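Top to bottom, those sequences are chains V and Y.
Under the working numbering, the first residue of the first sequence carries the number 1, and numbering increases by one thereafter.
Under the working numbering, the first residue of the second sequence carries the number 1, and numbering increases by one thereafter.
Hints may be right or wrong, so weigh each one.
What the hints assert, rightly or not - Heads up, incomplete: computed chain Y residues facing chain V, CB under 8 Å, no partners named:
id, residue
1, ALA10
2, GLY79
3, VAL80
4, ARG82
5, PRO103
6, ALA107
7, ILE110
8, GLY152
9, ALA153
10, ALA182
11, GLY184
12, ALA257
13, VAL260
14, ASP282
What the hints assert, rightly or not - Quick list of simulated restraints, FRET-style, between CB atoms:
id, chain 1, residue 1, chain 2, residue 2, range
15, V, ALA171, Y, SER62, 55 to 61 Å
16, V, PRO301, Y, ALA198, 23 to 29 Å
17, Y, GLY193, V, ARG210, 31 to 37 Å
18, Y, GLU320, V, ARG74, 35 to 41 Å
19, Y, HIS213, V, LEU258, 56 to 62 Å
20, V, PRO301, Y, LEU312, 55 to 61 Å
21, V, GLY285, Y, ALA198, 17 to 23 Å
22, V, PRO197, Y, PRO208, 24 to 30 Å
23, V, ARG253, Y, HIS226, 50 to 56 Å
24, V, PRO301, Y, ALA75, 56 to 62 Å
Claimed, not checked - Covered stretches of chain Y, going by a simulated chain V footprint (3 or more residues, C-beta under 8 Å):
id, stretch
25, 37–50
26, 290–297
Just so you know, these hints were derived from the structure itself, not from any lab.
This one's a predicted model, so the numbers in the text were calculated from it and none came from an experiment.
Think of the CB as a built atom: it goes at the ideal place given N, C-alpha and C, for glycine as much as any other residue.
Protein chains: 2
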Amino acid sequence: MSETVRIALADIDRVARAALVRAGCDEANAIATSDVMVRAERDGCASHGLFRLPGYLASLRSGKANGRAAPVARAHAPGVVRVEGDNALAPLAMQVARTAVAPLARAQGIAAVAIVDVLHFSALWADIEGLVADGLGAFCMTAYLPSVAPAGAKTPFFGTNPFAFGFPGEAFIFDFATAATARGEIQIAARDGRPAPAGAGVDTDGRPTRDPHAILAGAQSPFGGHKGSALALMIELMAGVLIGQPTSAEAAREEKALGVCDGGPPRGGVLMIAFDPDRFGDAAGWRAHAGAFFAELRALPGVRLPGDRRRLERARIAREGAAVPRALWDEARRAAGH
Amino acid sequence: MSETVRIALADIDRVARAALVRAGCDEANAIATSDVMVRAERDGCASHGLFRLPGYLASLRSGKANGRAAPVARAHAPGVVRVEGDNALAPLAMQVARTAVAPLARAQGIAAVAIVDVLHFSALWADIEGLVADGLGAFCMTAYLPSVAPAGAKTPFFGTNPFAFGFPGEAFIFDFATAATARGEIQIAARDGRPAPAGAGVDTDGRPTRDPHAILAGAQSPFGGHKGSALALMIELMAGVLIGQPTSAEAAREEKALGVCDGGPPRGGVLMIAFDPDRFGDAAGWRAHAGAFFAELRALPGVRLPGDRRRLERARIAREGAAVPRALWDEARRAAGH
């Protein structure tokens with residue numbers, strides 16, 4: 001394990017913003033992008049916290065990301081809006097998307113927003129948390145770069161393709177990769193000479209292995225066999241094909257053609273669906289119903305619910321600061337010129 | 001294995017309809033309900049074929065299902081319609097739902113339909129196949145009776161809660177239970193004296209087992225650990241809480257209170273979302289894009305896509321008839337008075 005230091009969230013925000021501005025972001029983009037990293041650190045999700053800064057900076061420096069993009073929302077159908085990202089880092093475009101889709105969901109009952117030409121590198125739960133806090137439900141999904149072998153196959157084709165869902169009232173949110181294991185976890189196992197979790201992936205011959213180097217050369221596996229594979233496929237269609245954006249395989253070819261394989265996120269789309277529970281026929285009852293449902297669920301011995309760990313971490317980390325690897329903190333401060 | 005007989009699909013349809021009518025269905029309900037069983041048999045999905053007839057009949061005989069229900073669609077918001085099922089077997093209500101939601105999805109881009117007070121016992125892919133054939137995409141989900149232990153817990157709380165997705169163009173459809181294994185498969189293993197698939201569930205002490213009887217007494221497991229468990233939870237919220245319908249646990253209590261634990265499906269809701277890919281900003285491109293995506297995916301050695309087995313079976317079974325256990329066929333014919 002690398003040495004970590006405790007850093008106050010305000011300091012992480014200050015350093016991340018400065019580094020983003022130095023790499024070419026305007027204020028609006030720097031604030032939005034730093035915010036998603038700080039919120040991940042606040043909830044103990046190091047893998048989507050400051051850990052992502054070097055990738056963001058690389059994609060700004062290579063010219064793949066437009067640090068001065070001003071994403072614009074345009075209505076496309078009564079229930080569909082499209083946010084043209086202009087190659088922005090995703091966080092600012094996702095703000096624009098939330099602002100556009102929320103009134104539409106209230107007016108229509110359900111609405112979708114296609115966020116296109118953005119570079120998405122953050123946690124999906126952070127993209128829907130604001131909608132859920134405002135009383136809306138949401139689905140969100142995005143493709144990535146090819147790293148997961150479809151069920152039966154042995155070469156990477158699907159991205160790690162995360163899927164998030166949120167429901168208001170109890171503010172229930174989950175967010176998971178359709179890959180069995182986060183790619184970062186396999187990379188860290190390789191670095192530390194530890195085996196990868198069972199089921200994480202296959203070698204170049206398609207044989208299951210726990211050798212992290214063999215998996216990184218071969219392919220990650222989807223979670224849950226053919227069912228997780230089907231969800232990953234769904235996400236390629238919804239966040240790629242449906243909205244005229246690259247699938248994971250296409251994103252990788254585009255990066256190669258443009259010479260921007262910089263380790264940062266690829267250009268692509270995000271698909272978000274928002275709905276208003278007050279418009280589905282049980283406006284008077286759904287909040288109490290949700291409360292009773294979660295009370296009964298939480299009473300089951302041993303049960304673990306998504307998001308609970310994040311909520312527990314939140315108060316402690318806000319007080320104590322986040323644990324950041326010293327090397328990463330030093331790198332961030334250098335990038336910020338601090 | 002029990003002895004099977006080859007039965008022409010037309011004969012299955014004739015016998016199933018007659019049995020449903022004798023148990024109290026009017027023509028419209030009998031035709032719609034037989035149709036979903038015949039389509040399952042046509043595609044080699046025995047677990048959703050004639051295998052379901054005894055459950056349908058039991059729920060009609062107990063008075064839980066209303067065989068003469070006339071489900072009605074009512075607009076609820078510009079993008080939301082509600083189908084009041086009047087305790088119908090689901091198939092007729094799902095027909096009404098498709099007819100109501102399709103024009104709404106075309107007009108709005110995306111629309112939802114809440115099907116309430118129905119008894120759902122069929123394959124979800126059959127519920128969305130018609131929409132996909134008509135050029136729409138769809139999500140569909142429904143809760144059931146408590147049979148799956150949430151991640152970490154060991155008592156049944158979630159239903160087997162299936163989730164289906166369809167995308168037009170290539171007419172791609174998947175449909176899976178969020179349980180590791182379909183309950184019908186475990187029931188068939190119990191009937192035939194075979195072990196259940198590994199990972200299918202736990203005994204009453206929470207220990208993993210492959211004894212199908214022990215799993216039916218204990219709890220099924222969700223597929224893919226905490227991720228599948230999160231999806232099952234999402235479905236309880238969407239097909240239950242959101243639309244004022246019983247969650248799986250509530251459905252079981254209702255059955256007990258009403259004295260209708262008849263082995264048939266419980267009263268509950270189905271939530272379907274339909275969308276029109278022509279309204280998402282790439283009307284000119286998405287069909288060709290989908291074609292290229294699937295061509296590349298299918299070219300991967302070893303790859304297996306959802307629905308492929310069904311499509312392969314279809315032509316053969318239409319020609320040869322479906323393999324039906326003799327005891328089930330005899331039972332169906334007796335119920336039909338044939």
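Going down the list of hints, with the structure as the test:
{"no.": "1", "hint": "ALA10", "result": "violated (32 Å)"}
{"no.": "2", "hint": "GLY79", "result": "holds (4 Å)"}
{"no.": "3", "hint": "VAL80", "result": "holds (3 Å)"}
{"no.": "4", "hint": "ARG82", "result": "holds (5 Å)"}
{"no.": "5", "hint": "PRO103", "result": "violated (13 Å)"}
{"no.": "6", "hint": "ALA107", "result": "holds (7 Å)"}
{"no.": "7", "hint": "ILE110", "result": "holds (5 Å)"}
{"no.": "8", "hint": "GLY152", "result": "holds (4 Å)"}
{"no.": "9", "hint": "ALA153", "result": "holds (4 Å)"}
{"no.": "10", "hint": "ALA182", "result": "violated (11 Å)"}
{"no.": "11", "hint": "GLY184", "result": "violated (16 Å)"}
{"no.": "12", "hint": "ALA257", "result": "violated (16 Å)"}
{"no.": "13", "hint": "VAL260", "result": "violated (22 Å)"}
{"no.": "14", "hint": "ASP282", "result": "holds (3 Å)"}
{"no.": "15", "hint": "V/ALA171 <-> Y/SER62: 55 to 61 Å", "result": "violated (39 Å)"}
{"no.": "16", "hint": "V/PRO301 <-> Y/ALA198: 23 to 29 Å", "result": "holds (25 Å)"}
{"no.": "17", "hint": "Y/GLY193 <-> V/ARG210: 31 to 37 Å", "result": "holds (36 Å)"}
{"no.": "18", "hint": "Y/GLU320 <-> V/ARG74: 35 to 41 Å", "result": "violated (54 Å)"}
{"no.": "19", "hint": "Y/HIS213 <-> V/LEU258: 56 to 62 Å", "result": "holds (59 Å)"}
{"no.": "20", "hint": "V/PRO301 <-> Y/LEU312: 55 to 61 Å", "result": "violated (45 Å)"}
{"no.": "21", "hint": "V/GLY285 <-> Y/ALA198: 17 to 23 Å", "result": "violated (41 Å)"}
{"no.": "22", "hint": "V/PRO197 <-> Y/PRO208: 24 to 30 Å", "result": "violated (18 Å)"}
{"no.": "23", "hint": "V/ARG253 <-> Y/HIS226: 50 to 56 Å", "result": "violated (34 Å)"}
{"no.": "24", "hint": "V/PRO301 <-> Y/ALA75: 56 to 62 Å", "result": "violated (44 Å)"}
{"no.": "25", "hint": "37–50", "result": "violated (count 0)"}
{"no.": "26", "hint": "290–297", "result": "holds (count 4)"}
Checked against the numbered hints above, the structure breaks hints 1, 5, 10, 11, 12, 13, 15, 18, 20, 21, 22, 23, 24, 25 and satisfies the rest.
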